[in-house]
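J.: Chains as they are written, first to last, in the numbering used here: chain A, 39 to 425; chain B, 39 to 425.
To be clear, the hints were calculated from the coordinates, so they are not data collected in a lab. Any given hint could turn out to be false.
Examples of chain A residues toward chain B, derived with CB under 7 Å [unchecked claim]:
| no. | residue |
| --- | --- |
| 1 | R54 |
| 2 | I60 |
| 3 | E81 |
| 4 | H125 |
| 5 | Q160 |
| 6 | H259 |
| 7 | F282 |
| 8 | S285 |
| 9 | G297 |
Here are the computed lysine-lysine pairs in the DSS-like style, where the Cα-Cα straight-line distance is at most 30 Å [unchecked claim]:
| no. | chain 1 | residue 1 | chain 2 | residue 2 |
| --- | --- | --- | --- | --- |
| 10 | A | K317 | B | K48 |
| 11 | A | K393 | A | K380 |
| 12 | B | K247 | B | K291 |
| 13 | A | K101 | B | K48 |
| 14 | A | K100 | B | K291 |
C-beta: ideal position from N, C-alpha, C; glycine also.
Protein chains: 2
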Amino acid sequence: MELEDSIINKFGFFERGPKNAINIDPLQTGGKLTEDARRALLEWGDGYSVCDFCGGTLDHIKKPPIEEFIHNAMPSFLQTDAVRITHGARESKFMVMHSMAQEGDHIVLDKLAHYSSYVAAQRARLNVKSVPHSGSPEYKTDAEGYATAIEEVIRDTGKAPALAQITYPDGNYGNLADVKRISEICHVYDVPLMLNGAYSVGRMPIHAKRMGVDFVVGSGHKSMASSGPIGVLGVRDEYADIVFRKSPTHKVKEVELLGCTARGATLMTMIASFPHVVKRTRKWENEVADARWFSSKLKDMGMHQMGDNPHDHDLMFFEAPVLYDISQKAKKGRYYLYRELKERNIHGIKSGLTKYFKLSTYQVGRDSLSYVADSFEEIIEKYQKMV
Amino acid sequence: MELEDSIINKFGFFERGPKNAINIDPLQTGGKLTEDARRALLEWGDGYSVCDFCGGTLDHIKKPPIEEFIHNAMPSFLQTDAVRITHGARESKFMVMHSMAQEGDHIVLDKLAHYSSYVAAQRARLNVKSVPHSGSPEYKTDAEGYATAIEEVIRDTGKAPALAQITYPDGNYGNLADVKRISEICHVYDVPLMLNGAYSVGRMPIHAKRMGVDFVVGSGHKSMASSGPIGVLGVRDEYADIVFRKSPTHKVKEVELLGCTARGATLMTMIASFPHVVKRTRKWENEVADARWFSSKLKDMGMHQMGDNPHDHDLMFFEAPVLYDISQKAKKGRYYLYRELKERNIHGIKSGLTKYFKLSTYQVGRDSLSYVADSFEEIIEKYQKMV
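All chains, full assembly: derive it from the sequences and hints.
T.: If you want it as structure tokens, here you go:
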């Protein structure tokens with residue numbers, strides 16, 4: 039089919055409806071740009087602008103200070119040895135899996151791992167042994183489950199898994215597993231451990247070495263106030279030569295990065311937001327307090343927060359029979375909640391959900407959280423009167 | 039080492055020095071944003087803003103019209119069957135190599151291929167047989183060389199290569215090989231052919247089917263007026279189920295894409311620039327005329343354009359003995375050219391180069407090209423008087 043002008047002209051600039059809403063979608067609360075990042079976007083928006091300053095390796099660009107960011111600031115921030123910028127957390131995970139394991143090897147994932155961890159393992163043609171959680175209502179990952187999983191792999195294949203991963207926190211319940219204990223267990227079997235910190239790096243303090251993890255993965259767009267796609271990968275020295283191995287034919291190019299990754303506005307927004315991001319991780323206890331406060335407000339209305347309780351993270355999962363009951367009788371059924379919230383300029387609970395949903399209180403602030411809680415209350419009262 | 043505030047405060051917003059320069063770096067001329075793309079950047083800059091609208095698969099988002107862009111407009115634009123958005127040309131190439139070939143297989147690359155093609159093959163753990171070029175001054179890739187390379191692989195391994203690739207144009211000389219003939223040859227041996235169009239898709243008309251290529255790769259940041267990292271991948275129907283295979287555990291997620299790729303401002307800039315990009319490819323003959331005109335101006339000054347001559351692309355490689363001779367005598371030697379051009383607000387010839395360099399005339403316009411040519415003339419005269 040030829041490309042008609044009538045089709046071409048359908049494209050161009052589009053408005054982003056919810057851009058000024060109170061957004062409580064866990065995907066969005068940590069990715070909101072700082073003012074400096076918005077300036078960086080426009081300044082560095084063209085193509086891959088950063089290449090104007092590149093002598094062949096992105097991470098050694100001195101001006102702007104990309105080298106110092108990648109080789110000094112980020113390793114200190116994450117308390118790891120070697121850092122690279124990637125296209126996102128999933129791409130970081132794939133890099134590690136693909137370089138640490140050979141096709142057909144086994145790796146261990148927590149059952150709560152994000153789908154992209156499973157898909158990354160499938161792309162690398164690996165087998166996955168998963169560590170179960172405790173089920174409803176806590177969905178806890180038992181650290182000792184890693185010993186069981188590793189031993190099962192050894193029993194079945196004659197060798198230890200090539201890698202283990204823990205999701206910290208998981209993306210459904212916001213649970214923070216006992217990483218220190220998991221790393222001790224993995225290291226007994228000489229299994230390196232990767233921390234998927236897509237929802238923690240940039241939100242809360244993460245010290246890879248203190249936790250004992252060998253790889254730490256972060257997401258710029260999810261939790262580092264950066265324009266996506268962008269992520270980080272921190273690697274313990276001992277594995278840096280494997281993951282960041284160089285090309286035999288193109289000596290300065292790192293194979294697992296395909297030579298280069300984020301080389302435009304995405305990186306410059308991460309650098310622009312970095313001072314703010316570091317500082318906000320230092321106020322993490324306020325965020326936990328906000329999350330717990332919000333959870334208690336919803337509890338008073340008959341909604342139960344699943345996962346760790348009391349909760350230690352802004353990402354929370356709720357079971358809301360009170361909202362579900364309304365949906366059984368309300369006009370247009372289960373879509374009422376999304377519509378009512380939208381009318382109140384609140385975005386982030388997926389359209390059609392009422393019985394179970396997740397949300398994030400990160401950086402929303404007590405005032406807006408009060409407004410969200412009051413809105414829930416108002417909606418419940420309105421519909422309980424009507425039906 | 040702890041992260042000190044003195045380090046943290048080194049980061050933030052940085053200015054991009056050459057942002058208003060006349061930029062003739064081939065990496066930059068096709069990636070300059072349109073005004074609509076600049077608006078889209080700010081509108082969609084947060085995190086991965088597009089996910090607000092996602093029901094599980096990026097390419098099926100209806101509003102903004104991502105589905106129509108990916109499944110209708112782009113396939114028509116490239117004259118291919120199935121399209122996906124990727125993180126860039128190199129990531130597109132890796133996807134195809136990794137899914138079409140098994141570890142240890144052979145693939146065929148032109149000797150002029152970008153380093154990232156070789157690195158992508160290394161990451162996929164493949165062996166490369168390369169097709170030579172004719173050497174100086176034309177650096178021509180002989181289509182018949184593909185038959186030789188394929189036959190050598192068959193002779194050495196007992197089976198045909200899993201894939202062949204042609205770089206169109208190559209990134210050094212801007213040469214456009216005889217793709218139609220190369221595809222005929224590859225298909226005689228049932229070898230699928232990938233076109234790396236990082237410097238053509240979005241600059242000039244590309245019709246995958248007419249050329250006979252099975253895969254077509256484009257770069258958003260290099261040639262589609264998009265903010266990077268972003269690329270496209272077009273696939274012939276027959277191979278779509280292999281490259282875009284879905285996860286056995288997460289049924290809607292495509293394994294080779296790790297479930298999802300560009301899901302923020304990068305994609306929205308590509309969509310914003312699309313009408314302009316399509317229209318500029320229709321005026322390609324003007325760009326070729328500008329390139330030839332500029333080449334002839336430099337020829338008059340004693341600089342020889344290598345590669346196809348007369349030239350059919352805006353990316354050109356020059357041998358400039360006249361500039362090199364000056365560098366042998368000028369103060370500060372070979373850095374004089376970069377400095378003199380910078381003083382004239384011209385950017386894009388790497389610092390220190392004089393004897394050989396490449397540049398691009400794409401979208402620079404005849405007025406600015408005149409100014410660049412006059413500047414070269416001025417510089418030559420100035421130094422020839424001095425030394």
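J.: Under the criterion that the straight-line Cα-Cα distance not exceed 30 Å, is the pair A:K393, A:K380 satisfied?
T.: At roughly 18 Å apart (the allowed maximum being 30 Å), A:K380 and A:K393 satisfy the hint.
J.: Are A:F282 and chain B close enough, Cβ to Cβ, to be under 7 Å, as the hint says?
T.: Violated - the Cβ of A:F282 stays beyond 7 Å from chain B, reaching only about 12 Å at its closest.
J.: Quick check on A:R54 please, does its C-beta sit within 7 Å of some C-beta on chain B?
T.: holds, 5 Å
J.: Between A:K100 and B:K291, does the CA-CA distance stay at or below 30 Å?
T.: Violated: A:K100 and B:K291 sit about 39 Å apart, past 30 Å.
J.: For B:K247 and B:K291, compute the direct alpha-carbon distance and say whether it is at most 30 Å.
T.: holds, 27 Å
J.: Does A:H125 hold up as a contact with chain B if the rule is Cβ-Cβ below 7 Å?
T.: Interface hint status for A:H125: holds (5 Å vs cutoff 7 Å).
J.: Need the status of pair A:K101, B:K48: alpha-carbon distance at most 30 Å?
T.: The hint holds at about 12 Å.
J.: Using the nearest Cβ pair, does A:H259 come within less than 7 Å of chain B?
T.: holds, 4 Å
J.: With a cut-off of 7 Å, does the beta carbon of A:E81 approach a beta carbon of chain B closely enough for the hint to hold?
T.: At about 5 Å, which falls below the 7 Å cut-off, the nearest Cβ of chain B leaves the hint on A:E81 intact, so it holds.
J.: Quick check on the hint: A:I60 CB to chain B CB, less than 7 Å?
T.: Constraint on A:I60 not satisfied, violated at 13 Å.
J.: The hint names A:S285 as touching chain B; please verify it with the least Cβ-Cβ distance against 7 Å.
T.: Holds - the Cβ of A:S285 comes within 7 Å of chain B, reaching about 5 Å at its closest.
J.: Per the CB criterion, is A:G297 less than 7 Å away from chain B?
T.: With Cβ-Cβ at 5 Å, under 7 Å, it holds.
Taken one by one, the earlier hints fail for this structure at numbers 2, 7, 14, listed in ascending order.
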